[in-house]
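Colleague: Sequences are here, hints too, so could you generate the full structure?
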Amino acid sequence: MVSISNRYLPDHEAEALVEAFGPNGMRRRSLLGGGLAAGAGLVGGLTATPLSAWAAADAPAAEITVDQARTAPIPIVIPSFGPGIGEQITQVVTNDLSNTGLFKVLPGSAMSGTPDFAPYKAMGAHAAVTGGFSGSGSIRVEFRLWDVLAGQQIQGTAYTTNSANWRRIAHIMGDVIYQRMLGEKGYFDTRIGFISRSGSVHQPRMRLAVMDQDGANCRILSSTQTKLPAFSPVRDQIAFLSYASSVPRIYVFDLASGHQRIIGDFNGVPLGPHYSPDGNTLVVPVAKGSGSDLYSVNIASGAKRQITSSGGAINVSPSFSPDGSQIVFNSDKGGSPALYIMSASGGAARRLSYGSGHYGDSVWSPRGDLIGFTRISGGQFSLGVMNPDGTGERIMTQGYTVESPSFCPNGRVLAFSRGGASGGAAIHTIDITGFHERAIPTPEGGSGPTWSPLNV
Amino acid sequence: MRLKLLGALGVAALLAGCSNDHTNTGANTGSGAAVQPSGPVPGSEADLVANVGDRVFFELNQSGLSGDAKATLDKQADWLAKYPQVAVQIAGNCDDRGTEEYNLALGQRRANAARDYLVAKGSSSSRLTTISYGKDRPTATGEGEDVWAQNRNAITSVQ
Numbered sequence: 001m002v003s004i005s006n007r008y009l010p011d012h013e014a015e016a017l018v019e020a021f022g023p024n025g026m027r028r029r030s031l032l033g034g035g036l037a038a039g040a041g042l043v044g045g046l047t048a049t050p051l052s053a054w055a056a057a058d059a060p061a062a063e064i065t066v067d068q069a070r071t072a073p074i075p076i077v078i079p080s081f082g083p084g085i086g087e088q089i090t091q092v093v094t095n096d097l098s099n100t101g102l103f104k105v106l107p108g109s110a111m112s113g114t115p116d117f118a119p120y121k122a123m124g125a126h127a128a129v130t131g132g133f134s135g136s137g138s139i140r141v142e143f144r145l146w147d148v149l150a151g152q153q154i155q156g157t158a159y160t161t162n163s164a165n166w167r168r169i170a171h172i173m174g175d176v177i178y179q180r181m182l183g184e185k186g187y188f189d190t191r192i193g194f195i196s197r198s199g200s201v202h203q204p205r206m207r208l209a210v211m212d213q214d215g216a217n218c219r220i221l222s223s224t225q226t227k228l229p230a231f232s233p234v235r236d237q238i239a240f241l242s243y244a245s246s247v248p249r250i251y252v253f254d255l256a257s258g259h260q261r262i263i264g265d266f267n268g269v270p271l272g273p274h275y276s277p278d279g280n281t282l283v284v285p286v287a288k289g290s291g292s293d294l295y296s297v298n299i300a301s302g303a304k305r306q307i308t309s310s311g312g313a314i315n316v317s318p319s320f321s322p323d324g325s326q327i328v329f330n331s332d333k334g335g336s337p338a339l340y341i342m343s344a345s346g347g348a349a350r351r352l353s354y355g356s357g358h359y360g361d362s363v364w365s366p367r368g369d370l371i372g373f374t375r376i377s378g379g380q381f382s383l384g385v386m387n388p389d390g391t392g393e394r395i396m397t398q399g400y401t402v403e404s405p406s407f408c409p410n411g412r413v414l415a416f417s418r419g420g421a422s423g424g425a426a427i428h429t430i431d432i433t434g435f436h437e438r439a440i441p442t443p444e445g446g447s448g449p450t451w452s453p454l455n456v
Numbered sequence: 001m002r003l004k005l006l007g008a009l010g011v012a013a014l015l016a017g018c019s020n021d022h023t024n025t026g027a028n029t030g031s032g033a034a035v036q037p038s039g040p041v042p043g044s045e046a047d048l049v050a051n052v053g054d055r056v057f058f059e060l061n062q063s064g065l066s067g068d069a070k071a072t073l074d075k076q077a078d079w080l081a082k083y084p085q086v087a088v089q090i091a092g093n094c095d096d097r098g099t100e101e102y103n104l105a106l107g108q109r110r111a112n113a114a115r116d117y118l119v120a121k122g123s124s125s126s127r128l129t130t131i132s133y134g135k136d137r138p139t140a141t142g143e144g145e146d147v148w149a150q151n152r153n154a155i156t157s158v159q
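Residue numbers (the working numbering), protein chains in the order written: chain W, 1 to 456; chain D, 1 to 159.
Derived from the structure by calculation, the hints contain no laboratory data.
There are no misleading hints in this set.
Now the in silico label distances, taken between C-beta atoms and shown as ranges: (1) D:T139 / W:P322: 39 to 45 Å; (2) D:E145 / W:V247: 30 to 36 Å; (3) W:S343 / D:A87: 42 to 48 Å; (4) D:L60 / W:T47: 55 to 61 Å; (5) W:Q179 / D:E145: 46 to 52 Å; (6) D:A81 / W:S343: 48 to 54 Å; (7) W:T65 / D:L60: 42 to 48 Å; (8) W:Q68 / D:T139: 50 to 56 Å; (9) W:Q179 / D:L60: 43 to 49 Å; (10) D:V41 / W:S246: 20 to 26 Å; (11) W:S200 / D:V41: 22 to 28 Å; (12) D:G43 / W:R351: 45 to 51 Å.
Using N, Cα and C, we set each Cβ at its ideal position, and we do this for glycine too.
Modeller: And the structure:
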C-alpha cells in the first residue's frame, strides 16, 4: 500500500513564493523544507560490514551474462529473513529479482551458518541467499550469497541501520545479488520521478511526484502544474517545467533539502529540461516564433548558449550521449518530426530515423549502446530502440499511447507512460528486449517518468 | 471527487483574492446560476464564445490558418477593437497523436500563429498573451479523426 504525503505547498503559497522570493517567501520555504524533502532519505545512516566467509574466501561471481539469463533465468533461493520486517525484506528482494525476468526465485527456509547445499542442488538452484535480521529501532541485517554448485560464499555483508530504512536495505541486497551474478550494476535502489495526474481529463491536475522504482514511498512534491521532469544523472535533484503563476519556467528542485529555484530567463517559452551526463548543464528547448531551438544553460552560473538555429523548425527532446560529446534530438526541420544527432556544441545534424510516421522522445541509454524513442504511425504509438547510427530499429511495445521512455541507470529497462483514448495514463516498465512489461502502482495516474541514478 | 475538487478551488480562490482565476467561467457556470434572458454581457468571455467564436482549428501537425480560421480571427480582431479594455489569452492545443514535448512546442506554434494574425489585423500585442497546453487539455476524448480535429486548436479566452 503506497501513501502520499500531503505536505506539499498549496497553489497560492507556491505561486506567492515564485513571485516574491522575498523574505516571507524564503521563510515559508525553509519552514516547509522538511516536508518537501524527498531524498533517498536514510534515517540515521547505514553501515555495511563485510562478513567473513565461512566456507572459503569469497568466490568470484558466477559468469552468467544478462543475455544468457534472459533465456535461462538464474534459479536462486531467497529464504525468509524472519518475521515482520524480515519477511518484508524477503518480499522486496524477491520482487526486485523476479521482475527482471533474469532470476527464478525459489523460496527457502531461514538458515544460518554454511548451508547444506544438497537440498539446494536438488531444487536446481545455482545460487542461494542466507541471512536474517535482528533488532527493532536499530536493525542489523545479515546477508550471504552462495554459489550452490561450487559450495562457496560469493558475498557476505551485514547492514546496520534504522528500521525505517528496511526497504532500502532490501533493494541494496537485490543490487548486490544482481551485480555478483550478472557482472553489471543493478538498478533496484533507485527512484522514478513522474507527473501524478488527477481530476478532469479535460484539465488534469499535474503534480511532480517521486517514488521508489517499485512504486513504494510515492510522494507528491508540488501542487502547481508541472510537466516534463528530468532526474539529475548524478545528484538528488529534479529539473522540470512549472506553470506556477501561469508562466512556464524551468525549476531545479533539490530533493534532500526541498529547495527549488528558477533556472534561466529565456527570450521565449522554455520547454522540458534535459541534463548533461555530469549534471552541471541543462539543455532546454525554447519556443519562439514558429519553432523552438535548443539552449544549454549552466545550472550554477545561469550562463546560456544557443546550440541550434532552426529557422522556425521545432527542436525538442535533446539527450546526451553518455560521454557528453553528442546530442540526439527530435526535429521537424525535414518536414515531419524525426530523430537527428549532432555534436553537443551544435553544428550540422545527421538524420537518424527514416521509417514512416513521426518520431519523438529521443533518449540515449546510459550504456551508450541504444537510443530509445517513440514512433507514431497510423494513429498508433510504438516504443522502440535503435543503434546510435540509426540501424537496428526494434519496436518493444505498442498501444494507443506509449511514450516518454526513460532508461534505468544500467540501461537494461525503460520506464514509460501508457495511456488510452479516454485519457488517463500509467507508468510502466519494460525490458529493452520488449519482454516483462509491468505497470508500477501509483496512487493517481502517471506520465513523464524519469529514472534516477543509483541512490547515494 | 468532484466535491473535493470544487472545495479546493473554492479555498484557492478565496485565498488568492483578486489574482487571475483561470477557471473557464463561460463553460463552468454551475447549474444553479441564473439565466440571463438578455444574453451574455457584451465584452465578456460568454459573449466571445456565443457571438464571435473563441477557437480556430488546425490540420494534423500543422499551424497554418485555414480560411475558416482567418474568418474567426477577423471577427475576434473586430471584437477586440470594440472592447479595448479586454485582454485575452490564446492557448494552443494539440491532439494526442504527438509526444508531450513536441506537442508543447506545436501548441505554442499554433498560439503564436493566431496571435500574429490578430496583431496583423490591428490588435495590440500588449493585450494578447499566449500559452501552450500541448495535449494536456483536450476538448474531446476518444479515438478517431473527429475527436482529434476538435483538439487541434487555438482557444482565445478573456483574462
